[in-house]
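Numbering follows the numbering used here, with no gaps: position 279 of the sequence shown is 616.
Misleading hints may appear alongside valid ones.
[To be verified] Simulated crosslink set (DSS-like; lysine-lysine; CA at most 30 Å straight-line):
#	residue 1	residue 2
1	LYS539	LYS581
2	LYS606	LYS581
3	LYS539	LYS475
4	LYS508	LYS477
5	LYS539	LYS508
6	LYS508	LYS475
The set of hints was computed from the structure by calculation and includes no laboratory data. Please read these numbers as outputs of a predicted model, since none were measured by experiment.
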Amino acid sequence: MSQSNRLHNSDLTERAHRVRRNALIMAEVQGQGYIAQALGVSDVLAVTYLHAMNHRPEQPEWEGRDRFLLSVGHYGIAHYAILTEAGYLPEEELVTYGMDDSRLPMSGMYHYTPGAEMSGGSIGLGLPMAVGMGLGLKRKDNPAFVYAFMGDGELAEGPTWEAAISAAHFKLNNIIAIVDFNRIQADGPSMTVMSTEPLIEKFQAFGFHVQRVNGNDLTALVEAFDTARNHPGDQPRIIICDTKLGSGVDFLEGREKSHFVRLGADDWKRAHAALDAWRAA
338 MSQSNRLHNS DLTERAHRVR RNALIMAEVQ GQGYIAQALG VSDVLAVTYL HAMNHRPEQP
398 EWEGRDRFLL SVGHYGIAHY AILTEAGYLP EEELVTYGMD DSRLPMSGMY HYTPGAEMSG
458 GSIGLGLPMA VGMGLGLKRK DNPAFVYAFM GDGELAEGPT WEAAISAAHF KLNNIIAIVD
518 FNRIQADGPS MTVMSTEPLI EKFQAFGFHV QRVNGNDLTA LVEAFDTARN HPGDQPRIII
578 CDTKLGSGVD FLEGREKSHF VRLGADDWKR AHAALDAWRA A
């Protein structure tokens with residue numbers, strides 16, 4: 338999407354709803370998945386792809402594109418939902434999610450999916466890859482940005498902080514890191530497994546321009562992404578997004594075990610109905 342074709346918040350609201358709907362469609366195919374994360378981060382991804390990024394879905398390899406690195410590979414379901422909404426994938430392909438020979442594997446993988454820039458899985462690799470890409474773009478005088486999307490669990494990984502030091506040292510102001518801070522990971526609450534707070538002060542100390550926003554507030558997200566792109570100086574940038582797991586589906590928002598969700602057929606119907614009711618409210 339070119340900078341001249343940004344969406345207004347009312348449009349973003351509807352598009353974020355469709356991202357959530359697409360994620361539910363895929364999860365229902367498998368009867369399980371990382372659906373709570375996908376629902377929680379739909380607003381962030383809608384603003385990233387439909388407002389902030391410069392990209393051409395009809396030319397996924399366009400050299401002038403902004404790069405999006407999905408470091409948390411298990412968020413593939415969320416990524417495919419926004420790639421569909423952004424025009425990279427046909428909606429009818431969503432029902433192949435996780436199947437043999439599908440272009441939509443359960444964990445995001447480079448070469449499989451149009452628009453995918455890295456294979457994610459082992460967390461902590463996204464920001465290091467962003468440093469490499471950022472350096473390469475600088476050396477080619479390419480003005481594109483690299484968006485590195487991470488989960489809060491990755492903030493306990495050593496490579497993340499090594500990359501943060503490097504990004505600041507090399508003055509990579511073409512990196513915009515994004516953290517989905519949903520407070521959960523596979524082993525339990527993120528801050529119980531490994532507390533990484535205070536994040537604002539830590540990333541500032543590492544040389545980043547830091548913003549922290551409500552990741553389910555489209556107005557706040559638009560402002561934060563605009564600020565990140567337009568911030569003067571040579572600092573890398575990071576947006577920490579506090580999101581609500583299961584956002585839009587009330588009975589998933591309060592679910593105790595929400596890292597990986599399994600539901601029966603009736604519950605998927607209930608989830609679709611809850612999402613539609615939430616959008617209409």
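Status of the hints after comparison with the structure:
no.: 1; hint: LYS539 - LYS581; in the structure: 23 Å, holds
no.: 2; hint: LYS606 - LYS581; in the structure: 21 Å, holds
no.: 3; hint: LYS539 - LYS475; in the structure: 26 Å, holds
no.: 4; hint: LYS508 - LYS477; in the structure: 15 Å, holds
no.: 5; hint: LYS539 - LYS508; in the structure: 17 Å, holds
no.: 6; hint: LYS508 - LYS475; in the structure: 10 Å, holds
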